[in-house]
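All chains should be modelled from the sequences, with the hints used to inform the complete structure.
Protein chains: 2
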Amino acid sequence: MNTAGAILTIDLGAVRRNYRTVRQHLGTAELAGVVKADAYGLGIERVALALAREGCRTFFVATAGEAFALRSIMPEADIHVFDGIQPGEEGEFAAKQIRPVLNSLLQIETWSAHARAARRTLTADIHLDTGMSRLGLDAAEQKHLLIHPEVLAGIDLDIILSHLAVAEDRANPMNETQRAAFGEIAGKLPGRRRSLANSSGVFLGPSFHFDLARVGVALYGANPTPDALSPMVQVIRLQGRILQVRSVDQARSVGYGATHRVSRPSRIATVAIGYADGYPLSLSNRGIAYIDEHEIPVVGRVSMDLTTVDVTDLAEHLAVPGRLVDFVGPHNPVDAVADRAGTIPYTIMTGFGRRLHRIYVDEN
Amino acid sequence: MNTAGAILTIDLGAVRRNYRTVRQHLGTAELAGVVKADAYGLGIERVALALAREGCRTFFVATAGEAFALRSIMPEADIHVFDGIQPGEEGEFAAKQIRPVLNSLLQIETWSAHARAARRTLTADIHLDTGMSRLGLDAAEQKHLLIHPEVLAGIDLDIILSHLAVAEDRANPMNETQRAAFGEIAGKLPGRRRSLANSSGVFLGPSFHFDLARVGVALYGANPTPDALSPMVQVIRLQGRILQVRSVDQARSVGYGATHRVSRPSRIATVAIGYADGYPLSLSNRGIAYIDEHEIPVVGRVSMDLTTVDVTDLAEHLAVPGRLVDFVGPHNPVDAVADRAGTIPYTIMTGFGRRLHRIYVDEN
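Taken in sequence, the protein lines are chains A and B. Numbering-wise, the first sequence is residues 1 to 364 according to our numbering. Numbering-wise, the second sequence is residues 1 to 364 according to our numbering.
By construction, these hints were calculated from the structure, which means they are not laboratory data. Be aware that a few hints might be false.
Which copy is meant is left open, because identical chains are indistinguishable; a pair holds if it fits in one copy or across any two.
Subject to a maximum C-alpha distance of 25 Å in a straight line, what follows is the list of computed SDA-like cross-link-like pairs (lysine to any residue) [what the hints assert, rightly or not]:
(1) 188 x 55
(2) 96 x 2
(3) 96 x 354
(4) 96 x 267
(5) 96 x 123
(6) 143 x 105
(7) 143 x 321
(8) 143 x 252
(9) 143 x 264
(10) 188 x 233
(11) 188 x 170
(12) 143 x 342
(13) 96 x 27
(14) 96 x 285
In structure tokens form, the structure reads like this:
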């Protein structure tokens with residue numbers, strides 16, 4: 001019997017359906033799965049295998065550690081590392097056939113030197129910065145690379161990529177500026193594939209698709225088109241179990257800091273979920289949870305392991321110890337919860353705690 | 001060679017030193033370690049063993065799952081569960097000698113029924129609510145218990161406890177109201193130990209100490225006396241590794257949403273740490289990091305795996321790829337970081353990501 005207090009259910013069937021939806025938008029371009037940060041907190045192993053079932057062959061992670069972990073479960077996958085390569089990692093990257101995204105002339109030199117020393121040709125990607133100012137070759141380095149292609153000695157170039165800074169804002173002219181800059185330089189480099197679009201970039205139209213899109217958050221159910229209805233289906237459900245229900249009158253406050261005082265005799269349910277599980281502190285006195293389709297407000301401060309909700313307006317039999325409450329679910333999808341919490345769905349997903357009991361379902 | 005991009009160093013010697021400091025404040029009262037939520041994100045196994053080295057014998061966790069995990073590494077410890085017991089868990093609690101904190105007459109009946117059916121005496125605690133309105137017997141249930149002590153049949157009462165709502169606010173009269181209410185009822189119940197104080201409660205003075213204090217966050221280095229200098233020493237250090245350093249002129253923006261534009265030609269370092277590692281998104285364009293004793297501001301939006309810092313004013317050799325940057329450290333302790341992030345140190349600690357490379361040190 002499952003008596004877990006906080007439960008995260010991850011619908012891999014929904015991940016697969018979202019993969020198919022994005023692929024339809026892409027037409028002939030390839031769809032790579034971005035599974036960094038433990039697949040945005042949802043579990044890289046189960047998520048990557050679900051994507052593979054849909055035909056996904058190319059995966060992106062952030063760090064070498066993530067790449068090595070993914071390789072151990074997917075011996076054949078095409079695995080790319082956004083952080084690129086640090087001195088000392090060359091041997092393991094080469095042995096495990098991990099492809100670093102080379103972000104600078106320094107990283108290109110590191111990889112090229114290893115290839116030459118090993119008398120091998122080693123595959124890699126190149127990241128051209130076109131406006132993020134975060135990772136990638138800057139304009140001066142791009143120019144140097146075009147003039148001195150010999151720095152690529154020993155390197156077999158796979159993906160030439162760049163990263164959009166404001167893709168979720170369709171009307172922002174920076175998107176087209178980045179697209180044009182990327183198209184111009186990428187066209188002069190000998191890579192096999194070109195890639196610019198992230199989740200939101202896919203929905204900017206075919207001119208942003210190039211050969212391959214790198215999609216993460218849309219697969220996991222967040223809306224990549226914030227100004228329009230979401231084309232994605234929900235993937236996650238976050239539930240907490242009621243431990244206790246109590247009557248509270250106006251003389252009493254609720255929770256740490258005594259931040260909530262009831263305005264009428266109330267019934268308050270205490271639920272075994274808190275910010276250590278990933279339900280944000282910023283939803284104190286502000287979150288909205290559900291029992292079935294009934295809305296119940298979070299009252300008092302969210303604490304580490306517990307959250308209190310006002311169930312006064314519910315029939316008593318609906319709010320009893322043992323009952324599960326939806327903190328993210330059919331009536332409060334992750335986009336809406338993030339919005340209320342003053343954050344973005346990404347932080348909700350990557351913030352899920354270790355203690356959560358995780359259940360994977362896969363319905364077609 | 002360690003090439004991890006984001007590193008969390010946990011000083012178990014500092015945890016032990018904090019344990020000794022709190023114990024000195026307690027005089028003869030016992031000091032129990034609160035190690036729920038994976039010891040506030042720091043790792044229950046290592047932390048609990050470090051506390052045991054200092055003589056800690058009584059531990060509190062939030063959930064049954066945490067208790068069972070702790071039992072597997074500490075066969076002799078005295079383990080208590082704040083959530084109490086859910087129907088179905090009785091057998092495993094009894095077999096593993098886990099002591100539930102009974103929060104309601106319903107939980108008392110669950111535990112008593114199991115004891116009677118097993119013809120055993122089973123140990124438990126009782127939680128009296130005196131103002132949190134979260135868990136614990138409310139006033140009506142407390143009255144019922146005093147009038148009908150037979151509901152405790154088969155239960156050997158260990159700790160009678162309550163929980164302070166505003167202990168970090170010394171001047172708040174609610175502290176004394178709770179203390180008086182607790183003292184009155186607890187004196188009428190047959191428990192072996194009485195407990196009211198959490199970390200901040202210890203510093204409210206001896207009248208709050210009773211037989212046992214339950215201390216978590218102070219052991220882990222956060223200040224339990226926010227209005228005064230912290231009596232605790234720092235336990236954690238959060239570092240990220242520089243991946244790349246670039247020059248950015250005024251025409252360029254930095255990061256997602258293009259939220260940062262430099263006001264002079266600048267050098268920006270991109271560091272392999274992001275909100276998936278637990279560095280808060282709310283520190284975008286606001287956080288302060290350090291290289292040695294040099295302050296470097298976070299610029300642009302913190303992203304999932306990367307954070308950008310302005311290193312223009314640093315000597316070039318101090319900010320180079322491979323170099324570690326302090327995001328929580330000697331110059332920016334967790335209290336200060338939480339304050340800047342608009343949150344509390346608890347959420348920073350419990351929010352540390354799985355991907356962090358964890359290093360435990362124990363210096364005396």
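How the hints compare with the structure:
1. 188 x 55: neither (30 Å within a copy, 68 Å between copies)
2. 96 x 2: between (39 Å within a copy, 18 Å between copies)
3. 96 x 354: Close across copies (23 Å), not inside one copy (29 Å); limit 25 Å.
4. 96 x 267: This pair counts as neither: shortest intra-copy Cα distance 58 Å, inter-copy 34 Å.
5. 96 x 123: Classified as within: same-chain Cα gap 12 Å, cross-chain 54 Å, threshold 25 Å.
6. 143 x 105: Answer is within: at 11 Å inside a copy they meet the 25 Å cutoff, but 75 Å across does not.
7. 143 x 321: between (66 Å within a copy, 21 Å between copies)
8. 143 x 252: between (68 Å within a copy, 17 Å between copies)
9. 143 x 264: between (69 Å within a copy, 23 Å between copies)
10. 188 x 233: neither (39 Å within a copy, 56 Å between copies)
11. 188 x 170: neither (27 Å within a copy, 67 Å between copies)
12. 143 x 342: neither (41 Å within a copy, 43 Å between copies)
13. 96 x 27: neither (31 Å within a copy, 58 Å between copies)
14. 96 x 285: Cα proximity of residue 96 and residue 285: none, with 49 Å in one copy and 38 Å across.
Checked against the numbered hints listed earlier, the structure breaks hints 1, 4, 10, 11, 12, 13, 14; every other hint is satisfied.
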